[in-house]
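Asker: Sequence:
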Amino acid sequence: MRVYLCSRMSKKVRVRFAPSPTGGLHLGGVRTVLYNYLFAKKYGGDFLVRIEDTDQSRYVKGAEEYIFDTLKWCGLEPDESVQHGGNYGPYRQSERKATYRQYAEQLIKDGHAYYAFDTPEDLEKMRQNFKTEQNTSPQYDNNIRIKMRNSLTLSADETEKLLAEGTKHVIRIKIPLNETVSFTDMIRGEVSFDTSVVDDKVLLKADGMPTYHLAVVVDDYLMKISHAFRGEEWLPSAPVHILLWKYLFGLENMPQWAHFPLILGPNGKLSKRDGAKYGFPVFAMNWTDPKTNELTEGFKEKGFLPEAFINLLALLGWNDGTEQEIFTKEELVEKFSMERVHSAGAKFDYEKAKWFNHEWIKKSGVGSLKSGVKTLLEQKGIVFTKDFLLDEVINIVKDRCTFLTDFVPQSLFFFRAPQTLDVDGVKPKWNEDKKNFFFAYIEKLEGNINWNVVSLENSFKELASEKSIKPGDLLFLFRMMLVGGKFGPPVFNIAELLGKTETIARINKAIILFG
RNA sequence: GGCCCGUUCGUCUAAGGGUUAGGACACCACCCUUUCACGGUGGUGAUACGAGUUCGAAUCUCGUACGGGCUACCA
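Residue numbers are given in numbering that gives the first Met the number 0: position 375 of the first sequence equals residue 374, and the series is strictly consecutive.
Keep in mind the hints are simulated off the structure, nothing from the lab.
These figures come from a predicted structure and were not determined experimentally.
Among the clues, some could well be false.
Here are the simulated lysine-lysine pairs, DSSO-like style, with alpha carbons at most 27 Å apart [unchecked claim]:
no., residue 1, residue 2
1, Lys11, Lys71
2, Lys485, Lys466
3, Lys443, Lys466
4, Lys373, Lys328
5, Lys334, Lys362
6, Lys71, Lys499
7, Lys130, Lys204
8, Lys301, Lys268
9, Lys428, Lys466
10, Lys276, Lys346
11, Lys485, Lys379
12, Lys160, Lys96
13, Lys328, Lys204
Could you put the whole structure together from the sequences, leaning on the hints where they help?
Answerer: Structure below.
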C-alpha cells in the first residue's frame, strides 16, 4: 500500500469534476464525481463542477441538465457550479474563451508555444508522409515541427502577415527536448515521462476555443483547485499539463494529482454499447440520445436506490481495508482515502451490483422506500386510500425485492385481485372435496374468528384435518386464489393484510372460476 | 508500432517479507420454509511466468508474457 502525504493539505481543499456535455453520465463518470465529492467532504472542502463544452461539434443539447439531474439523484450536489452559483464563474468553458487566449499568447511570448498554420489536409499529408513501420502514427513533435508551417519555421514577418490577414491558425505547445517530466500521483506514486515522446499538443484551436489541455490548467489555477482527480485515460497527457503548470503558474502552485483506475466492461473500458450488449445499465439515469432517439436505461429507472448505486461504485476500486461492504454516504465520507484507491482497473460485475441494491432495499426502512414504491404502483393504476396497508406490505415483501421495480409484482396483488387465474394449471388439483373445504373455510372466516395469522392458520389446518385433506394441497390452492401465482409472503400473512371481506371475495371468485 | 499504467479465486478485493493466502458476489450442496424468496451452515475456486535479493517473497528488483489506456484543431 502506498502512502503519499498530501503536502499541501494546509491549503483549503477544492476539487472539481469537469464533464463534457456529450451524453449520459456513465458508471466511470459518476465514480469520478463520487471520489471527488468524498475527498472534498472528508476534508471540509469545496466540490466544484464546471462544464467542458469547448467542442461545440459534440455538444449535445440537454446533456448538461442531465448531468446535474444525475448528481442530484446520487446526492452528490456540488458547492459551486453553473446551477449552484459560486465566486469563480463562469463555469462553462465556452463562456471563458477570452481568458484562455490570453494565457496562450503569454506562452508564445515566453517561447513555450507557437502559432501553427497547417490545415487539416496538411496534417493528414504529414501523417501519411512520415508514417513508417516503426512509427505508425507520427506526431507533431520536435522532429516534425521544423517541417511544417508555423511561427518557428516561418520568418517573423511572414508570421505577422499571416496573422494580420486572419489566416486560420492554432497555438501549439513547444515541448522541450530531452527533459524528464515527473510528478507524484496520489494513487500511483511517481510517474515520469520523457519529453521526446510527447507531441506538440494544440492548446488553442482555430475557432478560438481552448483544448482540454489548456483549459484544465487555466481553470484549475483560476478556480484555486487544490487536488485534481480524473480517470486514468488522462495519464498520458499529464506531462503536457505539468509543463503548462510550470510555464504558466509555477509547479509549486500545481494541484496534487490522482488518476483513477478505469471501470472496465466485459471487453476493456466500459462503453455505452456494453449495456445493450450484456443487459445491464451503464448510465446513472435514462438517457435519450437526441440525435438517434435511442433510449439507454439508467440504474435509477432499472430500480436501483441511489444509496446502493454510490455504494457499489465506491467499492469498485476502493475499500477501507476491513470486510465492510455496505456503507452509507456519511460512512464513505468518513472512511474514504485516496491512498486506498486501487491502481488497477476494475471490471464491473452486474450480479454484485444487484446484490448491493438488494442489501440496501432490505436495510431501508418503509419511510425511504414508500414514495418510490407508491409511484410505481400508481403507475399501474392503483389508487391509495389508506397508506398504512402500503407500509405493512413494503415491510413484508422487501426482503424478496432486488430492484425497486420488483415491488410491483411482489405487492400488486395486495391492492388488486389477480386479474387472471391459471385455471388450467389448477384444474388437475381441484375437486369436489377441495371445493367443499373452501366453502367450509369461508363459513369459518365469516364466523367469529380473530383476524390474525395464527387464528387463520390454525382454523385452516383444523378444517383440513377434519376433512382429511393434506394441508399442502390446499395451501397451494389458497395461494393461487389470493395471489394468482406461486410467489409472495406466507399465505396467511397475505390473508391477514387483505382483510376479511377481500379474502372471502377472492376465494368465492376463484371457486366459480375453478368450477 | 511508440509511450504510459496495470496483473491475488470467474468477478470485486484483504494480506505493507513469516497467515492452513481471508472476505464478498456468483456457483454447488445441505438446513430452514407446505409457494417464491430471505436467512443459516458447508464446499469448489487465486498470488501470470522466469530469474534474482533473503533464513524466508503474493509482498522487494529485473526480465518475459498478458491485459488496458493514450497516440485528434475529442474530452
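Asker: Hints numbered earlier in the text: which of these fail when held up against the supplied structure?
Answerer: Hints 6 and 13 not satisfied by this model.
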